[in-house]
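*Asks:* Given next are the chains, with one letter for each unit.
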Amino acid sequence: MIRKLLVATSLASLCLVSNAMAQETINMWVRTGIGTAFTSLADAYNASHENQIALTEVPFAELVQKYATAIAGGQAPDALSLDLIYTPAFAAAGQLQDLTEWAKGLEYFDSLSPSHVALGTYEDKVYGLPLLVETSVLAWNKGLYEQAGLDPEKAPANWDEVEANAEAIRALGGDNYGFYFSGGSCGGCMIFTFTPLVWASGVDILSEDGQTATLDTPQMRAAVDKYRSMVEKDLVPEGSATDNGVNFLSFTNGKIGHQSLGAFAIGTLVNDYPDIDFGVTLIPGIEGGTSSFAGGDNIVVTKDTPRLAAVQEFIEFAYSPEGQKILAQNGSLPTRSDIAAQTLEGLDPRLQVAVDAIGVAKTPYTLLFNDLINSANGPWATFTNAAIYGDDVDGAFATAQSEMQSIIDNAP
Amino acid sequence: MSMTIATPLAAAEKPRRRARKNRQWQGLLYIAPAIILVTIFFVIPVLFTVWMSFHNWPLLGQPSWIGLDNYIRMFSDTRFAAALSFTAYYTVIATIAIFALAFPLALFVQNERRGVSVYRTIFFLPVVVGLATASLLWVWLANVDSGLFSPILRAFGVTGRSANLLATFNNAFPTIIVMVVWKIVGFTMIILLTGLQSIPSDLIEAARIDGASRWQRFRFLTLPLMRRTLALALILSVTGSVLAFDQFYIMTSGGPQNRMISVVYYIFNQSFVSFQLGYGSALSIVLLGILVALSVVQLWLLRVGDDK
Amino acid sequence: MSAATKQTRARRKFFGGLGFHGFGVVASFFFLAPFFWAGLSSLRSGSESQTPPLPPWPTNGISFDSYATLDTFGSGIWQHTFNSLLVSLSTVVLTVIVSLLAGYGFSRYRFPFKNVFFVLIIATLMIPFQSILTPLFIILANLGLNNSLVGLILVYVTLQLPFSVFMMRNAFDAVPREIEEAARIDGARDLKLLVRVLLPLVMPGVATVAIFAFLNAWNEFLAALILLSDNDKYTLPVLMTAVRAGRLGAINWGAVQAGVMVMTIPCLVIFLLLQRYYMRGLMAGAVK
Chain Y
4 MIRKLLVATS
14 LASLCLVSNA
24 MAQETINMWV
34 RTGIGTAFTS
44 LADAYNASHE
54 NQIALTEVPF
64 AELVQKYATA
74 IAGGQAPDAL
84 SLDLIYTPAF
94 AAAGQLQDLT
104 EWAKGLEYFD
114 SLSPSHVALG
124 TYEDKVYGLP
134 LLVETSVLAW
144 NKGLYEQAGL
154 DPEKAPANWD
164 EVEANAEAIR
174 ALGGDNYGFY
184 FSGGSCGGCM
194 IFTFTPLVWA
204 SGVDILSEDG
214 QTATLDTPQM
224 RAAVDKYRSM
234 VEKDLVPEGS
244 ATDNGVNFLS
254 FTNGKIGHQS
264 LGAFAIGTLV
274 NDYPDIDFGV
284 TLIPGIEGGT
294 SSFAGGDNIV
304 VTKDTPRLAA
314 VQEFIEFAYS
324 PEGQKILAQN
334 GSLPTRSDIA
344 AQTLEGLDPR
354 LQVAVDAIGV
364 AKTPYTLLFN
374 DLINSANGPW
384 ATFTNAAIYG
394 DDVDGAFATA
404 QSEMQSIIDN
414 AP
Chain X
2 MSMTIATPLA
12 AAEKPRRRAR
22 KNRQWQGLLY
32 IAPAIILVTI
42 FFVIPVLFTV
52 WMSFHNWPLL
62 GQPSWIGLDN
72 YIRMFSDTRF
82 AAALSFTAYY
92 TVIATIAIFA
102 LAFPLALFVQ
112 NERRGVSVYR
122 TIFFLPVVVG
132 LATASLLWVW
142 LANVDSGLFS
152 PILRAFGVTG
162 RSANLLATFN
172 NAFPTIIVMV
182 VWKIVGFTMI
192 ILLTGLQSIP
202 SDLIEAARID
212 GASRWQRFRF
222 LTLPLMRRTL
232 ALALILSVTG
242 SVLAFDQFYI
252 MTSGGPQNRM
262 ISVVYYIFNQ
272 SFVSFQLGYG
282 SALSIVLLGI
292 LVALSVVQLW
302 LLRVGDDK
Chain E
8 MSAATKQTRA
18 RRKFFGGLGF
28 HGFGVVASFF
38 FLAPFFWAGL
48 SSLRSGSESQ
58 TPPLPPWPTN
68 GISFDSYATL
78 DTFGSGIWQH
88 TFNSLLVSLS
98 TVVLTVIVSL
108 LAGYGFSRYR
118 FPFKNVFFVL
128 IIATLMIPFQ
138 SILTPLFIIL
148 ANLGLNNSLV
158 GLILVYVTLQ
168 LPFSVFMMRN
178 AFDAVPREIE
188 EAARIDGARD
198 LKLLVRVLLP
208 LVMPGVATVA
218 IFAFLNAWNE
228 FLAALILLSD
238 NDKYTLPVLM
248 TAVRAGRLGA
258 INWGAVQAGV
268 MVMTIPCLVI
278 FLLLQRYYMR
288 GLMAGAVK
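Residue numbers (the numbering used here), protein chains in the order written: chain Y, 4 to 415; chain X, 2 to 309; chain E, 8 to 295.
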């Protein structure tokens, strides 16, 4: 009886799996919340190629966990667009396909985004290749500048200027705020937008070899103080304190004076919010200088997938002038520097600022990125919320410093 | 009022031994599907969990036997201690809040008045909605920019500028408690109601005629007669609270500043965020022990009263 | 009885009724308001749903923009609703069959280790299934049932068993043995006896079990999140995590409200239609 039912239900679910059998179907995952660059690329590929891509969008907070469980259960997709910072951890676990030979055979290999390739390389083997590239930059709302009597064409050059201009914009009253950041324990947002403040001074939150937490520096304290001061002056919307990243694009509501954003956001603003007149500039350091976070996605291939050749065909499509153009139109910066000028031709000039940021950008290399930085309950995410919004700044520094060190020390 | 197996029939069938043996097998046959499912999807996974708890078991890569190290590690794990104390705090507050409201509501809907069944239904409605759905709904309601609570509070002058109800522990914790009470109280109310209704009304009536006051009737008749029901409601409420996860995950991601990480949330983090499945398993085993102990204590406490 | 006492009694009744219904209405408001707010807000037009939340109802006419937006997530709202329905209904059918048989077995038969088996099934309640998800995942993979709705259904049925078996055993216990004996004498046996004679008598219990199974399967979120990895197979709660995660870095609250409504309405409808059974069954279970 039970058995019959089982058969019946499994038959029913089999019928659900409609098999659009093309030449080959590549199963690929992508995280949500990174804009339309990847999906547009996949659509273009499917339209022009015999092999087809079946895309699964996975909520960004669950991608790593789901991929890891899928590997453990033998159900991993053929390839996925993986936040580049996770590439070392997955490569180290021996789950990714070694692409070294094929990749180095690409004639333009040397012009691929260097930080992506560096993150995609583990023990001298290439496991991940750049797919989506973005950097963090500071955007300001020109319309609000004008209303507040500021020069809309003059980018703020340092954080005192940001704060002063933010105050002028807040003075407009109503729902107009001077500054925004996702301050609700969003480790990913804050490493992307906030660490450039200290990186510009050559300071980092981890030592060069990644073995020591170096969070408590005068520069970090100064950066925290600056954000605290803006919060205390009511220049930041109240919602920031609990925004765990879902409202990362608050700037698009047109009532935020300044926000540090990624290049994907520039694409979104240009395409979907043409009414917002904004400028972008490099993120100033707290003590001068500029810096940026080079982020984005690497494409990685699950070890021993039978559809390796098809995936390689897709990657080559992404690197073709056509593919590069589609990506750039959707806000992803050129992956290939050799044809960057050609790729950016005719596109919004503000993307160029994000391209320039690559020159000053950093990307942390650690196997523990999730535990240390990204996890909503990890020390960095908690620190950013506690230090900026909490009552006990010293306590926040001390707790985070010791917790980061203990995670590093206990790592296998 | 537990019903024991009816004795007269059992006695009447003495001579038919073989038939009875046959019937034994039939009994096993009837429960077999349930037992098979429970074995495959519950017993084996639990045993597997025990096995894993003695290992360093990364999600990817090779597990290695480390004996009791995972259990020893717990004693110096301050974050686990924090999760335990938060869970205990939450359980006590949530249970008190739920009972404090469920009892009056149960007495209210016990009235045999017109329209009472409508109220009963309305109070129960949130129960049938999923906790995840309810959390999602309340995240919106409590959202500072798009939600309703903060402009309403401002309109009534409770807060000055729009208040972010999820930003600090002192705001977020009561918000979650209110959500949970809204969601659960109808269930507890109905269970208590069944207890109230199982009390023979002539008993209460007799006490009333004997001159017992309303409070006396409640204290010396209703409450003692409801022991079993109270035990059930209490066990369900406490167990549910100890296992709380969805509301913290969806509403505040364990924040602000990690102050709302329950034990299950911590296990989830260890297993699926840090991928330390072995340690996560050991924590699960400890949680299981705690739950069993809690249930035993509650049952015992209530049974002691029964013997008097 | 004098007219005066009659009058005071009537007045008392009136004011008592006023107090009673006054309390009832106020309390009802608190329980219902969140649903109405979400329902009304979900009908605001796309541009309106980005404006301040008060008043929480559409001011420029009703619009289904939010539902259209919701439909652009994942594989479309119909696909995910269908998945959720399939999973929930299959869970209901299987749970009813398995717990009916087991409840009957536990109520009417004696066999070795009966109590051990019963406690074993009930003990499932004690373990947070979140903590056995990984082994569960690995076992399903070995059975070839991972990333499949069938696997998910079997897990849901198992999670339903402690409550359902307990419920059904009580339901059978409450049926007088005389009825069974009479039917036996008339020649009804085993399954026939169970289906023809006893099933109608335990119908309230079955209804309770079915409704609980439906609601729990419909609402379950974490197991579905971890066990399913194909877009096409996501159930509604998993889809909602994508909606909540936002797109292009901004949450669309209109879509969230619409999603909450899609998730909520079937639960409410089923409950309202079957609540007589539901409450009766729940109470029968609770009294034990």
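Hints are not guaranteed to be accurate.
[What the hints assert, rightly or not] Pair ranges (Cβ atoms, derived):
| hint | chain 1 | residue 1 | chain 2 | residue 2 | range |
| --- | --- | --- | --- | --- | --- |
| 1 | Y | D397 | X | L48 | 43 to 53 Å |
| 2 | Y | D397 | X | V298 | 40 to 50 Å |
| 3 | E | F22 | X | R220 | 20 to 30 Å |
| 4 | X | N112 | E | L279 | 42 to 52 Å |
| 5 | X | S214 | E | K20 | 32 to 42 Å |
| 6 | X | L237 | Y | A414 | 36 to 46 Å |
| 7 | Y | G398 | X | L48 | 23 to 33 Å |
| 8 | X | L61 | Y | D397 | 20 to 30 Å |
| 9 | X | R114 | E | I69 | 53 to 63 Å |
| 10 | X | G68 | Y | F112 | 13 to 23 Å |
Bear in mind the hints are in silico, worked out from the structure with no lab data behind them. We put the beta carbon where it would ideally sit given N, CA and C, even for glycine.
*Asks:* Hint by hint, note whether the structure agrees.
*Replies:* Tested hints:
Separated by about 47 Å at the C-beta atoms, D397 (chain Y) and L48 (chain X) satisfy the suggested range of 43 to 53 Å. Roughly 41 Å separates the CB atoms of D397 (chain Y) and V298 (chain X), a value that falls within the hinted 40 to 50 Å. Distance hint for F22 (chain E) and R220 (chain X): a CB-CB separation of about 27 Å, consistent with the stated range 20 to 30 Å. For the pair N112 (chain X) and L279 (chain E), the beta carbons lie near 22 Å from each other, so the given range of 42 to 52 Å is not met.
Our hint of 32 to 42 Å for S214 (chain X) and K20 (chain E) is violated, since their Cβ atoms are close to 22 Å apart. In this structure the hint that L237 (chain X) and A414 (chain Y) lie 36 to 46 Å apart at CB holds, the actual value being about 41 Å. In this structure the supplied range 23 to 33 Å is violated for G398 (chain Y) paired with L48 (chain X), their Cβ-Cβ distance being about 43 Å. Judged by the Cβ atoms, the range 20 to 30 Å given for L61 (chain X) and D397 (chain Y) is violated: they are separated by roughly 38 Å.
Between R114 (chain X) and I69 (chain E) the beta carbon distance is about 37 Å. The supplied range of 53 to 63 Å is therefore violated. The given range of 13 to 23 Å is broken by G68 (chain X) and F112 (chain Y), whose C-beta atoms sit roughly 48 Å from each other.
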